[in-house]
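Enquirer: Given only the sequences and the hints, what does the whole structure look like? Please build it.
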Amino acid sequence: MCRWIAYSGKPIALEKLVIEPEHSLVAQSQHALRCKSGTNGDGFGIGWYGGHEAPGLYRDVLPAWSDENLTALCRHIVSGQFFAHVRASTGTATTRANCHPFALGKWLFMHNGQ
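In the working numbering, each number is its position in the sequence shown, counted from 1, plus 11.
These are calculated hints, taken from the structure and not from any lab test.
There could be a bad hint or two in this list.
Unchecked claim - DEER-style ranges, computed between Cβ atoms:
| id | residue 1 | residue 2 | range |
| --- | --- | --- | --- |
| 1 | His63 | Thr101 | 29 to 35 Å |
| 2 | Arg107 | Thr82 | 14 to 20 Å |
| 3 | Thr105 | Glu64 | 15 to 21 Å |
| 4 | Thr101 | Ala17 | 30 to 36 Å |
| 5 | Ala24 | Ala104 | 31 to 37 Å |
| 6 | Ser77 | Ala108 | 19 to 25 Å |
| 7 | Ala17 | Thr82 | 27 to 33 Å |
| 8 | His63 | Gly102 | 20 to 26 Å |
| 9 | Ser77 | Trp118 | 28 to 34 Å |
| 10 | Ser77 | Ala104 | 28 to 34 Å |
| 11 | Ser77 | Ser19 | 26 to 32 Å |
If you're wondering where the values come from, they're calculated on a predicted model, not measured in any experiment.
Glycine is no exception: its CB is placed at the ideal position from the N, C-alpha and C atoms.
Expert: Following this line, the structure appears as structure tokens:
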């Protein structure tokens, strides 16, 4: 099962929820013994709203815990609205096109399941 965060509130650095907490999204993606579906190592993504109408988006097929760019981006991006996602594939291909969140124009969205 995938795991994700949807945040709307005062602007904060993404690392405050995605990276730093003991039970952060990245930490959860590594703990196979605590969940039924093993690790969430089939990709990840972040999407955020900043100074433009269209959202920013960064996704990759690597595990979230192994991507140094994700850590750096989360340290520097401050937003009042963002999504973050770690993926555990249920049989679909591990491709960037299958990593959430998705953007269409000014809209940012995620879903859970096929």
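Enquirer: Quick one: which hint numbers does this structure break? Sort them smallest to largest.
Expert: 3, 4, 7, 8, 10
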